Amino acid sequence: MAEMKDIVLQYVINEYLEDEDEVLSYDSPLISGGIVDSFSMVSLKRFLENKYKISIPDDKATPEAFDTVNKICTLVNEYLK
Amino acid sequence: MAYSDKIRGIYTGTLNEIKEKGIFKQERPIHSAQAADIMVEFPMGSDLKKVINMCANNYLGLSSHPDVIKAAHEGLDSRGYGMSSVRFICGTQDIHKELEAKVTKFLGTEDTILFPSCMDANAGVFEAILTGEDVMISDRLVHASIIDGMRLCAALHDTFKHSDMAHLEEKLQLHADKRLKVVITDGVFSMDGDTAKLDEMVALCEKYDAMLFVDESHSSGFIGKTGRGTHEKCGVVGKIDIITTTFGKALGGASGGCVSGRKELVEMCRQKARPYLFSNTIAPVVVSGVNVVLDILSKSTERRDKLEKNTEFWRKGLTEAGFVLKEGDTPIVPVMLFNAKLSQDFSKALYEEGVYAIGFFFPVVPQGQARIRTQVSAGHEIHHLEKALEAFKKVGKKFDILGKTKQEIIAKYGN
Numbered sequence: 001m002a003e004m005k006d007i008v009l010q011y012v013i014n015e016y017l018e019d020e021d022e023v024l025s026y027d028s029p030l031i032s033g034g035i036v037d038s039f040s041m042v043s044l045k046r047f048l049e050n051k052y053k054i055s056i057p058d059d060k061a062t063p064e065a066f067d068t069v070n071k072i073c074t075l076v077n078e079y080l081k
Numbered sequence: 001m002a003y004s005d006k007i008r009g010i011y012t013g014t015l016n017e018i019k020e021k022g023i024f025k026q027e028r029p030i031h032s033a034q035a036a037d038i039m040v041e042f043p044m045g046s047d048l049k050k051v052i053n054m055c056a057n058n059y060l061g062l063s064s065h066p067d068v069i070k071a072a073h074e075g076l077d078s079r080g081y082g083m084s085s086v087r088f089i090c091g092t093q094d095i096h097k098e099l100e101a102k103v104t105k106f107l108g109t110e111d112t113i114l115f116p117s118c119m120d121a122n123a124g125v126f127e128a129i130l131t132g133e134d135v136m137i138s139d140r141l142v143h144a145s146i147i148d149g150m151r152l153c154a155a156l157h158d159t160f161k162h163s164d165m166a167h168l169e170e171k172l173q174l175h176a177d178k179r180l181k182v183v184i185t186d187g188v189f190s191m192d193g194d195t196a197k198l199d200e201m202v203a204l205c206e207k208y209d210a211m212l213f214v215d216e217s218h219s220s221g222f223i224g225k226t227g228r229g230t231h232e233k234c235g236v237v238g239k240i241d242i243i244t245t246t247f248g249k250a251l252g253g254a255s256g257g258c259v260s261g262r263k264e265l266v267e268m269c270r271q272k273a274r275p276y277l278f279s280n281t282i283a284p285v286v287v288s289g290v291n292v293v294l295d296i297l298s299k300s301t302e303r304r305d306k307l308e309k310n311t312e313f314w315r316k317g318l319t320e321a322g323f324v325l326k327e328g329d330t331p332i333v334p335v336m337l338f339n340a341k342l343s344q345d346f347s348k349a350l351y352e353e354g355v356y357a358i359g360f361f362f363p364v365v366p367q368g369q370a371r372i373r374t375q376v377s378a379g380h381e382i383h384h385l386e387k388a389l390e391a392f393k394k395v396g397k398k399f400d401i402l403g404k405t406k407q408e409i410i411a412k413y414g415n
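Order-wise, the sequence lines are chains A and B. Quick note on the working numbering: the first sequence kicks off at 1 and runs consecutively. Quick note on the working numbering: the second sequence kicks off at 1 and runs consecutively.
No wet-lab data here; the hints were simulated from the structure. Remember, predicted model here, so these are calculated numbers, not experimental data. Virtual Cβ for every residue (Gly too), placed ideally from N, Cα, C. Don't take every hint at face value.
[Stated by the list, open to error] In silico DSSO-like links for lysine-lysine, alpha-carbon gap of 27 Å or less:
| no. | chain 1 | residue 1 | chain 2 | residue 2 |
| --- | --- | --- | --- | --- |
| 1 | A | K51 | B | K207 |
| 2 | B | K19 | A | K53 |
| 3 | B | K49 | B | K19 |
| 4 | B | K49 | A | K53 |
| 5 | B | K49 | A | K51 |
| 6 | B | K178 | A | K45 |
| 7 | B | K161 | A | K53 |
[Claimed, not checked] A short list of chain A residues far from chain B (calculated; beta carbon distances all over 10 Å):
| no. | residue |
| --- | --- |
| 8 | E18 |
| 9 | Y26 |
| 10 | F39 |
| 11 | S40 |
| 12 | V42 |
| 13 | S43 |
| 14 | F47 |
| 15 | S55 |
| 16 | D59 |
| 17 | P63 |
| 18 | A65 |
| 19 | D67 |
| 20 | K81 |
Required output: the full structure, derived from the provided sequences and hints.
Here's what the structure looks like:
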């Protein structure tokens with residue numbers, strides 16, 4: 001789980017942060033905080049599905065479920081089982 | 001009446017919030033033809049003032065060119081005022097077909113279809129050529145009309161960081177399983193004035209079997225050695241699958257746009273693009289004008305050459321004066337102010353000094369990136385640019401930003 005958190009956090013930093021000085025934690029609000037917009041959620045979902053060989057149904061990939069790295073990892077783990 | 005006090009109160013409240021933030025947009029009526037010198041009424045009801053226009057998309061100075069006006073008059077006389085029809089019912093004249101053929105030749109593509117505007121071209125093209133099995137991968141700074149067009153399309157949408165080719169390649173790999181992939185970019189980015197790396201993008205699209213879409217609205221007529229656009233500048237004429245562009249900027253400045261590219265894609269637009277199917281044909285007077293614009297530009301590069309010289313003069317002058325500019329070599333020269341209110345105040349002060357240039361701020365540009373976007377024209381003479389430069393220096397001094405860095409301006413005014 002710890003490794004997954006770091007992988008997801010690093011992906012979000014590389015993918016979405018324009019300002020290199022900005023700091024993100026596992027609990028930083030990504031969608032509600034304006035870091036990831038609804039268009040960009042698509043690539044995050046595809047990244048997770050490819051990386052962890054899972055399929056997340058569209059109705060589960062909600063802005064709430066994708067709002068922090070911790071929540072994303074919880075969601076991914078549900079489908080890893 | 002359903003428009004109750006409660007409903008009115010909601011809207012007046014929202015409008016007041018915009019005013020309180022200092023970002024309320026106001027129109028400034030112009031009482032003359034579009035040109036380097038214009039007569040403006042601002043604020044509404046005040047006396048007319050002659051000012052130098054530094055914010056028109058009139059890059060080649062063709063908006064009021066006598067040959068274009070003459071052609072428009074002739075078109076009006078011979079083909080009438082309106083067609084009262086969409087294209088496919090009874091709205092296609094010989095001059096519409098003539099213009100489509102001329103645009104195809106000018107841009108070096110296979111075929112062209114006219115739209116009422118480039119906004120409509122961008123709104124209609126993606127839905128016409130893609131389905132839910134496909135993916136659109138767009139630069140994060142593409143024009144708002146492209147974003148609207150992508151929203152109307154069932155294909156998956158993803159983005160890549162502005163002009164970041166490594167990031168684009170990652171996205172092409174990520175979406176390798178999709179039926180069709182389209183990479184989407186502006187040729188020249190309207191707010192920053194920088195140019196897409198079309199040569200690199202063509203190579204990536206060839207490698208990953210993707211189509212390439214370029215909006216050339218701020219390029220057609222003056223970018224590249226003969227003004228064909230960004231694809232000419234980057235040496236990839238004939239390799240762009242879809243070009244959209246406008247006749248509302250350099251190419252006469254009236255209205256209208258088009259999709260130009262692979263013949264099957266253009267035909268798909270003719271069959272399926274909703275703004276083509278459900279909106280009126282371009283008026284004959286406009287079509288006649290654009291036909292002559294393309295004749296003028298095909299015969300001589302004089303106007304784009306003059307624009308290039310004017311642009312060099314303007315960029316050099318602003319840089320030496322100590323303004324923070326966005327890097328580039330196009331006639332779009334953004335003077336960075338970072339703070340939204342400062343951009344509005346700066347614009348007003350410029351107007352007092354006889355220069356018309358508008359402040360842009362969020363959501364037109366990203367938060368904290370407010371600016372005065374200046375645009376150079378072949379219609380400007382050096383004396384216009386010298387006078388405008390003096391006004392910029394005076395106002396820059398007033399707000400104490402000359403020679404200041406981005407950080408220093410933000411420290412003083414916020415962002």
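Going down the list of hints, with the structure as the test:
{"no.": "1", "hint": "K51/A x K207/B", "result": "holds (23 Å)"}
{"no.": "2", "hint": "K19/B x K53/A", "result": "violated (51 Å)"}
{"no.": "3", "hint": "K49/B x K19/B", "result": "holds (25 Å)"}
{"no.": "4", "hint": "K49/B x K53/A", "result": "violated (66 Å)"}
{"no.": "5", "hint": "K49/B x K51/A", "result": "violated (62 Å)"}
{"no.": "6", "hint": "K178/B x K45/A", "result": "holds (15 Å)"}
{"no.": "7", "hint": "K161/B x K53/A", "result": "holds (26 Å)"}
{"no.": "8", "hint": "E18", "result": "violated (8 Å)"}
{"no.": "9", "hint": "Y26", "result": "holds (23 Å)"}
{"no.": "10", "hint": "F39", "result": "violated (5 Å)"}
{"no.": "11", "hint": "S40", "result": "violated (6 Å)"}
{"no.": "12", "hint": "V42", "result": "violated (5 Å)"}
{"no.": "13", "hint": "S43", "result": "violated (5 Å)"}
{"no.": "14", "hint": "F47", "result": "violated (7 Å)"}
{"no.": "15", "hint": "S55", "result": "holds (13 Å)"}
{"no.": "16", "hint": "D59", "result": "holds (16 Å)"}
{"no.": "17", "hint": "P63", "result": "holds (16 Å)"}
{"no.": "18", "hint": "A65", "result": "holds (19 Å)"}
{"no.": "19", "hint": "D67", "result": "holds (19 Å)"}
{"no.": "20", "hint": "K81", "result": "holds (25 Å)"}
Consistency with the previously given hints fails for numbers 2, 4, 5, 8, 10, 11, 12, 13, 14, ordered from lowest to highest.
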